[in-house]
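Q: Residue strings, one per chain:
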Amino acid sequence: MSELPMFDDEDLPRWLVAGGVTYAGQYDPIAGLPTPPWRRPLKYHPPEFAPVDLPPAPWRAGTGTSPLSEPPLADKPLPPWANPAMVQASAFSEEVDLDLVPATAPSDSPPEDPFADIDWLADAKETPPAAAQPAGESAWIDEIDLFAGDRGAASLPTPSEDTDLFPKTGLTGKLGALSAAPDPSEAPIDADFSLFDDLAMSGAAIPSDPFADIPPTVADPFAEPVSVAPIAPVPPPPPPAELNWLSDFEADAIAEPPPTAQPALNADFFASGPDEPVQAEPARGTGPLNLDAFLTDLPDNTAATPAPPAPAAGFDLFAGLGDIPDIPDIPDTTMTPEIPERPAAPATSSDVPDWLNTGALPDLSGLSTPTAPPADSGSPSWLDEAPPIAASDSKPKTQTPIEPAIPIAIEVPEWLRTDFLAEPTPTPKPPPAMPPATAIPEPTGRRTPPPADLDLDLGGANLENILGAVDEPAIPQKLTTAELQAILPDAPIDLTEDLDFDSLIPPTPSDAAMMPKPPTAPGAGFAPNFPADFGPSPLSAAPPPDLNAVALPKRSTAEIPAPEPSAALPEWVADLKPTAGPVVIRIGDQQIPMEEQPLAALPESIKQLRERLKRIEAESPTPSPTPSPAPSSLIAGLKDILPPAAVTPTPDAPAPTLSGVIISDMQARRVKALQTILSAQEQLLRRSQAGEVAAKVPKRRRNLTKLDRIAVTILLLITVILPFFAGTGGLFPPLPTLESLPAPDQARFAAVIGALEAVPNGAAVLVAIEYTPLSAGELDIMARAVISRLLDRGVRPVFVSTNPAGALYAFHLAAKIGGPSRQPGQDYIVLGLVPGTIGGVRALANPDGPLWERTIFGQDIENRPTGLDSAAISDLLSLPAFVLAQSQDDIRAWAEQYRTPDGTGRPIALLVTASAGAVATAYVSAEPQRFGGPISGPRDGLIFSAAAGYPAPRAAERWDSFSLTTTMAAMMLLIGAAFGGIRSLRKGQRR
Amino acid sequence: MTPTPARRRLRLGEILIVSLTVVVALVTLLGLEPPPTLPAALTETARAISSGLIQIVTIVAALALVIGVANLLLANFTSVRKLPKGLYNLATLIAFFATLVIRGLERAQIVKVEGTDAPLLSLTVLDAVQVAVESALAGLLFFVLVYMAYRVMRRGVTIWKMLFIGAAVIVLIGYNPLPGTDFLAALREWLLSVPVTAGVRGLLIGVALGTVIVGVRVFIGRDRTFRE
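The listed protein sequences correspond, in order, to chains A and B. To convert a position in the first sequence, counted from 1, into my numbering, add 18. To convert a position in the second sequence, counted from 1, into my numbering, add 94.
Among the hints, erroneous ones may be present.
To be verified - Taking lysine-lysine and the BS3-like style, the derived pairs with C-alpha atoms no more than 25 Å apart in a straight line are:
#1 1005(A) <-> 255(B)
#2 724(A) <-> 1005(A)
#3 834(A) <-> 255(B)
To be verified - Derived Cβ-Cβ restraints for the label pairs, each shown as a range:
#4 231(B) <-> 760(A): 31 to 37 Å
#5 253(B) <-> 882(A): 58 to 64 Å
#6 745(A) <-> 249(B): 37 to 43 Å
#7 301(B) <-> 947(A): 22 to 28 Å
#8 297(B) <-> 743(A): 38 to 44 Å
#9 736(A) <-> 164(B): 43 to 49 Å
Stated by the list, open to error - Partial selection, computed: residues in chain A whose CB lies under 7 Å from chain B:
#10 826
#11 858
#12 988
These are calculated hints, taken from the structure and not from any lab test. Ideal Cβ placement from N, Cα and C applies to all residues, glycine included.
This is chain B alone, in the form it adopts within the complex (with noise of 0.2 Å):
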């Protein structure tokens, strides 16, 4: 017999936070689809609050974003002394200061690179330690998965790994196809074309379901967040 739940205490905090954020709700769903019946009047307000309170979310994304450099550069000022992985912290830091302190002297004119206004140094800097790192990290990728392709089949031989190494050998080789194996590219197109656009659209219907639930959570008041 299952045992009754027991009943939710409603508290203050929770009954205003739930209001708010159903009103707030409503009315930008009333800003960004308001329904034909709806006057005009109404529906342009309902759409100037719609976007006010967007525009707002945008700011607060950009606090959040400089919170979390901030959080970043207190974690690894607190780390920094544990040595010897301290030394990981310290080159963030170090990194961190430095790139700011370039940046600081480009916008203040103190370095400047001649015949053009656009940060050069730092750009640079990005250029020869962002770009390059992430390409290089790009490129190890592709050798770690065709390894782990490789051995995919070691731990044993199922359908669903040699559908798997199928379609990769399809796609591969049909990306270029060698003479005489052209059917590899149109094989590789109809995959392309048909089993995996039809997964993806099938991804983004589960996806647009599961934003349709949790706005109607929101909306009602019953989603996890006004709990905790």
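Same shape as in the complex, but just chain A (with noise of 0.2 Å):
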């Protein structure tokens, strides 16, 4: 056995590469391997139903060819890997989506895709992998459910609406992620239908199509009416009471149908006895597709086998399920009982399946043509309100069977031989019996559980999922000389020569690159550059979707960031314990460590189609050197990556240069339904996408440099500092006097001096502190005279407070004005807090009761017995008290509620700021027999502290900073206005 590693020295196959798996550098071996999905025991269980007898696909019937136009078959290119002749070929027939078809379609893709330089397709055109698929390795490109495509095929002529095999919406929500997943900026692949979950979050209604809530310009793939086709694998029961399972298809083909939908639909539900289903007609068209021939040659070997009883022909399609699982939900494989049975092939002593050798497309259009139920098939009554079923849609057609493309005997592997995904059954089980139409219950929107019993691991159910339930096939481990070359007429391999398969593909200056590079750090990978390296794809010139609508910021496209490996691999790919292996290969977003073994430890079968793959590699022609278009989108290379069809010799064709890439019209309807999933997805993506990106925008950062407010601010603080110290040169006039304000002004100053003076020494006095050291400037200038003039006098003044920081700094003005020598409690006395303001100073001016005493006179700040008595109390009542406040509520507070229990007005000394002075001033002069001043302001204080006694430090020095700042300020304001008016104006004039 050969001791070359698996991945030929850290390379991947280019077409593994092409599929999105990729070399990420060595791995630390930690553990070995544990049993391969293919290994592990089952998890499925097989149908039960017998197969259906399915109608012929409508195009079979007649003429036999499809009713889609289909170009002369020797008019189809063929794609580069399959014939170099056709290398260049750029015609492809209409029924082939052109957007499968890079070489000839032109691009006009989206200059912001970020994937743009991404060929995904590039080398699977030269290596086509589709003899790779059936082991599992590129099952995550299985989660494409190709047949939910059909939904969307609305684009396309269809010939009726029966030939829908199976799902209505497909794995939409794996696509989703595919989607999501080659870019690392998205959500993480792991959050398979987050997409869709974000609708559902949004109060979108999810039920089963996830595109229903498409805007009406993305093109929804399952607005079109589409026929159910038979889901045989999974044993009917009895559907629930309130089960809905056809809320499904509610929207998309009963609230919505047009005029030719819902016979079809009735048609699928209730076909009666079609005939027997023959071999699909390999399509005539040409495309890189044969995902389908995959999927449908699996179950196809079952029909040489003895396969569990056929389901009878007309049954409920879903009445066995009960409640059609989510539509990821769903596996691919359950569509095995549906395909038709395909002539019997000479059986020979080759153990690979026939799909491989022949490269037959088998067409599967005509298994889901489920024919109209008999008139008296009890049908419900809602379904039966259905227009009457076109009678060529209902009729059985013959068929006839297509031969196989090479007519060689092959022998039957045991492990298709039975049902794909069948655990050995002893003895075909009947099929159970059908529910009765009638029991269906009438679709009400609304989803249904699936049933207890239905034995079907559906909760996380994928083609992952459901391949690793799979037993390995059971190939022989070598293939006589005879066999290989009946598979491969032209190339004789020696099966036990351990070859380097990739030393048989001549290496090129791209493969340089696309080597992968030992990372540099934990997690770094390399990002292949596709394009350069593997050519233009044959499939990478589609025309974009309709993308263009939404702008997104171009990213860098150089290198795919290497994102962490996310959680939630795909199953086959968690089971390996990737974190046990020592290579790392990079599946979309994610990297798999994995351990390298070496090439002998593949299975056989792997190692044919390796080295087939190989083969046909080696002999395809070089790439086109003409660069293809950029993909179109996010996902472009999703569609890509889909496997081209198998190539082989198709003696029967009646063009002989065509050989056997065949897709049919079905195939292309579907492709092309794909492709509007992708593309409606890739749509929303790039919305929501652009959403975050225009929420992440940061806001402008405002100039906080301007120059104006930096020469207001420096020409205000030098007219503020610079009469302290060079003076104003007599510009302004002295600090008034007292003796020269006028009359009025006199009397406010007179009535609180008046008060000071009148307070007889010894005695104690009320003074209010109601501002806090934010007005320190205004009023310290103030409160110093006062308290200065009773301290000197003998009075002992009664700080009180109904602010906290008030009462606070009452105590750090007495403390600091009386200094050291007065002592306080005995010299002064500072009071807690009066809360309330209003309440307060009612409660401070109504002396009545132990609690008053208690709580306001009984102790001070520093919780020391003040030692005023009621009577002391009542005296110090009686007195003016010297208010001291900030704000208008303070001088409210104070003149409303300091009030004798009668509702007398208490004396009040109002000193107040300037801009409560209007206050002040109301309340003065509605009674001025009560209160004395108001003293409001710096130039008060400065006058009032001078005529005290107590003159202010430096008042002069602060008088002329006054006056020069206040001038200048009114200056600033004239100058701003001129300016500011001028450019009013001019805007004004130019709007």
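Put the two chains together into one complex; each comes in its own frame, and the hints tell you how they fit.
A: Now the structure itself:
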């Protein structure tokens, strides 16, 4: 056995790379590999239905050609890897979606496509990976449910609505995940259905059709009514009473039925006795897709085996399901009984699947053609109301079996002889009785849980899960030379020789770039430049979907950053315990460490496939040097990774030049539908991404450096400071004296000064400090004069405040003004906080009861007893209170609440800030006998302090500073108003 | 056609609260402004009750202050983990506990400034931090106000903006008028004594009316607080 590593010295086959699986460096081996998925026990029970007698495809009847306009087969080019002469072919048939033929279709992909430089199928065209699909290596590709695309085939000419094989929606969620996978900035791939989850969270109903909420601009692939293919593998338990499995079809098949939709739906459900399924005609269209063939070939082999009994024709397709599982949960392998039987091929000793030998693509279109139910089938009334079924749709049509492409007698392998997913069942069970059609509940749009007896692991069902549950095919380890010659007539293979298969491929300059480089940092990988490395893909020139409406910021596509391995890996990958492997490969946006094993460890069948692919690649012509247009979208490579069709000579083909790249019209429709799905998802992703980007756009920072602001600040600062050092030079009049003031002003000052002088020596007087340090610059001048005068006269000031900061600041003032010679509690008293501004003043002014004495006047701020008894308090309250207030509310509280119990106002001397001067003036003018003052603002403060005999320090400089600053501020206002006015007027004129 | 509003359901709790409030409001009103015709004994009783209720209000307000401080601490403790913004909360907590410690040490006579019974250390902290910061803030306010007034015309010239600028200029210059502009001082006095005082009185009258309305609503149980 060869000791060559599986990955050929850190080099993956390019067809794997093209499929998104890349090598990302070595990994430290930790443990051995666990059981691979194909060795695990089955989780899945085989269908117990007998094969369905499906009607033939409509295009089968009569002419035997597709109703779609198919050009002559000779006009259809081969993919470059299939026909060297047709490498540069640019004319594909009409029914083959040109989106899949990038070499011919111009691309108008948006420039912001981050994956524009990635040609996902650059290598696939050279190495058709079709043969490698069954091993589950490309199971992530199989997440794409091509059959789901039929629902989006509205844009294609539909011969009849009976061609849909099975699901209504397909694994669209997986598609969304796949589409988002190449972009590391997108949601992680583990959120398989995050897109639709988001939609669901947003209130959108996505019971089964994830595209039900696609904006009208997006072609809803499911808007077109489609037929329902029988799902034979699922046993049919009787549906629960509230079972509404048809709700999945409500949106697309019932709620919005086109004129011809309902008949087809009816016919699908209740098709009666179609003809025996026949081998689907190999479609004459050409195209690189053969995934359908792969899917259909698998059960096709079961036709030659003692398969379970065929289910009765025309049965209720979904009766056994009870509830259609979630779209992504529907395994595509459940289609196995629907595959039409293929003409029995002569048995040979070859153990490889016949589809690998022949490459003939069985057309599944005819399998899903249910016939109309009989008139007395007892269908529900809601179904009977549908229009009558067209006769052409319901009539069974005879089909001509298609000869195999190569009449090679191949012995059908045992693993293909039985049902693809079936456990070994010794005795085939009879098909379960079909539930009556009348038991079908009318769809209500509500989802119902799957029946409990449905022994189907649909929890996280996807193709990986299903494939992981399948036993490894027991392919013989070796083939005889004759068999190999039959498989590959022109390529003799010596399987006993351990070949380095990569050496068979002529090295190209791009190989060096493709070769993985050891990661320089943990988690780092390489990002192959697909277009440069692999040349243009024949499928990459697909015209982009309608995504131009959304503009996205450009992202660097030079490298695909290596994301961290996500937790939600495909099951078949997760089961391998990737952390135990030494080799890191990259699948999509995930790095999966896997154990590197010798090439000999590969199953023989895989090795054969590998060798064959390499041979084909080696024989294929050099790709066109013309660079392929950039993929059109984020997930443009996704559609390109669809495996090309198998290439086999077709002797019975009308045109000898075409050798087996076959794509039927139905497949083309499915591909088209798939592209529609992808484009829709991509558009949604782009929109959401655009929204996020827009949300993350930082706001433009305001320019904080404004010249005028700086100029104003500097000028004002100079005017404030300059007078303290240089004076004003006699520019302004000096500080007025009390005598120089007008008579009304003299009266204000005289009232306050008189109140100070009227307090008897040794008495206590209330001083309310109702301001915080914020107004200290304005009121401290007055407070200093008042407190100093009282203390000097031997009066005990009793400080009180309804402001917590004011109470403490009062203590600060008293201690600062009184100095160390005057002790608190003796020379002055600082009461504690009087909470509740209005209520506190009211309670303070009403000496009533022991509570009042204890809570307000009983203790000071230091919790020391004040020594004030009721008589002292009464005397205190009878004297005028000096209120230094900074706000109008404080003035209001004292003016309105400082009253005797009978409502008589107590005398107050108001010393307030300039902003509260107007309110104080209002109260004073209302009750001039009760109020003294008001002394408001720094100007009055300076005059009052000077008149009281306690002038403020540097009062003259202060006054000059005030004068100069206010004048400069007025000038600023005038200048600013002039500039602003002119500017505003100019703007108005321009408008 | 205006739909008929749904009839409000009466709840027992609401009835009790309204009844209690109305009674307390009535007693307080009688104690604060007793009608002359009310018997003297009843007036004194109402006055005593009213005075007691108001004093209880002050205690409740003090309790609310303590609760507010506790809430402030809790909020800062909760937010301190969110760095880097939590640094502000951390600074607040540190300042709070540092002040508390200093105050406690002074109250316990552990730290004491000789020669005075005043807590000079705590007051010095107040003077050095609180007073300085708040005074600086007030000084910055002046610059901001001037600059805003400087730019007020940039968004359009209106009569109200012109009036604002004119009044501000008159008051500022009239504060200490330059020689030859004494008329601005007289104009300033007129502005302050007539328009400004009239406006302030209007505000006070509005405040009084609003207070009366709220009192009446409380008194008849129609205040919103009873329904919440």
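Q: Determine for every hint whether it applies to the structure shown.
A: Hint check results:
1. 1005(A) <-> 255(B): Status holds; Cα separation ~17 Å.
2. 724(A) <-> 1005(A): Between residue 724(A) and residue 1005(A) the Cα gap is close to 20 Å, so the pair holds against 25 Å.
3. 834(A) <-> 255(B): Measuring from Cα to Cα gives roughly 44 Å; hence the hint is violated.
4. 231(B) <-> 760(A): 31 to 37 Å: holds, 34 Å
5. 253(B) <-> 882(A): 58 to 64 Å: Given range 58 to 64 Å: holds, Cβ gap about 60 Å.
6. 745(A) <-> 249(B): 37 to 43 Å: Holds, since residue 745(A) and residue 249(B) (Cβ atoms, about 39 Å apart) stay within the stated range.
7. 301(B) <-> 947(A): 22 to 28 Å: For residue 301(B) and residue 947(A) the Cβ distance comes to about 23 Å; the hint holds.
8. 297(B) <-> 743(A): 38 to 44 Å: Since the Cβ atoms of residue 297(B) and residue 743(A) sit about 42 Å apart, the hinted range of 38 to 44 Å holds.
9. 736(A) <-> 164(B): 43 to 49 Å: Roughly 47 Å apart at Cβ, these two residues keep to the hinted range, so it holds.
10. 826: Where the cut-off is 7 Å and the nearest Cβ of chain B is about 6 Å from residue 826(A), the hint holds.
11. 858: holds, 5 Å
12. 988: holds, 4 Å
The structure fails hint 3 only (numbered hints given earlier).
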